[in-house]
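Participant: Assembling the complex is the task here: the two chains are given apart, and the hints tell you how they should meet.
Same order as they appear, the protein sequences are chains B and V.
Quick note, the first sequence lines up with residues 16 to 398 if you use our numbering.
Quick note, the second sequence lines up with residues 188 to 307 if you use our numbering.
Zero decoy hints are in this set.
Some chain V residues close to chain B (C-beta under 8 Å, calculated; not the full set): (1) Ile247; (2) Val249; (3) Asn250; (4) Met270; (5) Thr273.
Selected chain B positions facing chain V (Cβ under 7 Å, derived; list incomplete): (6) Tyr149; (7) Arg152; (8) Thr156; (9) Ala159; (10) Arg164; (11) Gln260.
What the hints contain is simulated information worked out from the structure, not anything from laboratory work.
Every residue gets a Cβ at the ideal spot worked out from N, C-alpha and C, and that includes glycine.
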Amino acid sequence: MSHSLRGRTAIVGLGLAGVGEAPGFSAMELLGLSVRAALDDAGLKLSDIDAVFAATSSHAFASMSVTEYLGLRPKYFDSTNIGGSSFEMHLLQASLALEAGLCDVALICYGSNQRTAGGRLVSMSEPQWHETPYRPRHPITAYALATARHMHQYGTSREMLADVAVAARQWANLNPDAFARGPLTRADVLGKRMVSDPLTAGDCCLVTDGAAACLLVRAERAKDFPKPPAYFLGAAGANWHRSIQAMPDLTVTAASESGPRAFALAGVSREDVDLLMLYDAFTINTILFLEDLGFCPKGEGGRFVQDGRIAPGGTLAVNTNGGGLSCVHPGMYGMFLIAEGVTQIRGEAGERQLKRADIALLHGNGGTLSSQVTAFLGSEAAL
Amino acid sequence: MDEGAGPQKVYEDYLARGRFMIQRARATGEYVFYPRTLSASGETDLEWVEASGLGTVYAITVNRSRDGSVNIALVDLDEGPRMMATVVGVETVPIGTQVKARVERGESPRVVFDPVEPRP
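Chain V on its own, in the form it takes in the complex (with noise of 0.2 Å):
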């Protein structure tokens, strides 16, 4: 795994290889996603850590086509950052559902989320 790399490569490399990373500033903890080169506080001191995978629907919509019905959420993971994604296997989930990542291989792996059980 070559960490040189610009942060965009190296996300999608530890995707192909079935993990699920994000970025974490070393000095303030801050927690990075969509990866960047540097944090919201202007940190560059960023680590690559394994993303929980918990998360939180904040919102969801469910695109209708002539292919299909597609949801397209908004999931606050439990690190603190927001990320687009889909919720897998069914239509739809209230908002506030508790998911959980996986990374789902292929041509393009991508982070997709389960709903699970609410935690307490």
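Excised from the complex, chain B in its bound form (with noise of 0.2 Å):
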């Protein structure tokens, strides 16, 4: 397998804006707002920015309206959108740019103003004519659906996957920007209201608002912006379902065949992974994505998640911004796996702050497990 991707672009900018509640402000301030951190935090103009990659909740044509908002003139753009995994595909896609020497400076950026503007998920998804007639209330229904049958498949217990929502609020009591912190146990997660069974609202992620950008460059010039670079070194993404009765089986999803071609294609070991942020729109997501990622064999996410294992202290780092669960979930969330990547590479993360934090895999999800994209970062000791 060749490695031609590997460390040959570098995030050299990242921001952040309205992440939590950002009242008054639409989806496209945010995400302006989240442009100009980008560039500030990498010493770039707006006019440096020569392609677009963008997806949003709320924006049919989206790279087109970030272009027009921006005042833009991009000689490469790109408006994919697979669900909330959209951004690491978007990294892929921006580094093949980049490399082909299509552009210099690419843009990926998101924002939503869904918590203040509704406090619903907001979604363009349209249904599906064969799966109306039940009223399914998508997303919930399709994991609540995947998780019972991991239940009955596995063994797996809903104080398992309460666990996962503890772990997550213990990273996010250690990150000053997550949107839910404080204690939280095992016994709140469980008796927090039945919203599809076997799902509470303590399974469910945030409604929140939030934006975020980021700026790559290639690496020959990733060392000449102010902050430590971090280095694009592979990904993959895998998809076999639109909606949930065509996944072929609920409890693998095609992360286990992103992953293995995105390890391949980075030349990453998994012992080489210092954090995973996997993409928690739900309890039941990182579980599978634990299995289907082989940091588990199957069926063992549930048992793997107990006892403080992917909490703060234990043996793997998991989503150390507090995730989808407690960090911040505007509609997608795959923007938000990478910036927590490179604030964790640069070194940045505060009392949060991983010993190493050499590579980031960072696992986006779209849909209802349908689109699976799995990436890596790395710092410069990575390379």
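Facilitator: See below:
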């Protein structure tokens, strides 16, 4: 396997805006502020951006809307929207475009005001005609079905699911920017309102506002910027279905395919990974992705997360920002996986900073366990 | 029954007449659901056949809202394909429960399932 993209591009700018609640701001206004913050972080000008990668929950033609709002004239642009994992795919596509010389400074960005705009998940996802007669409440119906099947097949318990939420909260308690902070016990999670059996409100991600942006350049200039570069090491996507009824086995996601391909492309082994950022829209996600990415055997994810193994002080650092469950989840969370990976690799994570953060695995999930994209970022020491 | 229309319309027209029909590829024998213009292996020689209506609950959840509780299930049909559906007359049933389909008539006809005694 060739590693043609390994270390060839790097993130040199990162910006966040409106994480949590940003009353009175539109999605695009927050996105614009996050781009400004990323430019300041990198010491770049708006006019330096010549490629735009964007997807949002509220813009049909996201890169066009971003381009106009920022007054850009990009040479390359891409609005690939595969749900929450779009941004991990954008990392791959931006790196390909940079490496091909089609652009020099690529912007990847997202913004949403869904919390203050209505407090409900905003989605442009269209109903599936063969599911509509049963009035599924997506996404939770789909994830609840997958959870029920995992419990049936592998003896996963609601307590194990709750432990995922508790670990996320313990990380969030070390992150001043996390939206949901404060004590949370297993009993608290189990006692929350049942939304879709077996998932309670405590098993579901937050609904927040938030925007994030990052800037990528070719590696040869990555050291010319103020902050340590976070190098792109590789990424791969896999997609087997759209609607949950078409998912072949509800206990096995396409991460089991994207993971091995991404590991091979990035030239990384599991033992090398210091940080796992797993898209935790629901507690079952963390369990499924730990299994499908090979960090524990299939079916063992529930038992694996017990006893604080993925919490601060545990043996595996997972979702150190507090995740979608306790940090931020503005509809599509994929940009925030990148943000935490970059923050840890730079050594800027404060109280939650890992001792060693040279290789970060970012696993994006989109739709109803549908599009899976695994990406790796690394420090200079990882090259 | 105009079987010359697209498969979604044909399926829905059959439902409106109280019949639960699924597709089968003549050459390969593959069953197809939801109805499409080609099978998983790419065959287009699809014929409509009456579904046996027998199936097994693969996964189930109960959506709890202010308007009440409704279960949403994935049912594996005996023919092979899986469909989203609901098991009626009960709040929920265990995964693995055997079920039988019937067409619920009305403004938007749909297939629903009743639990049945386990078959050998």
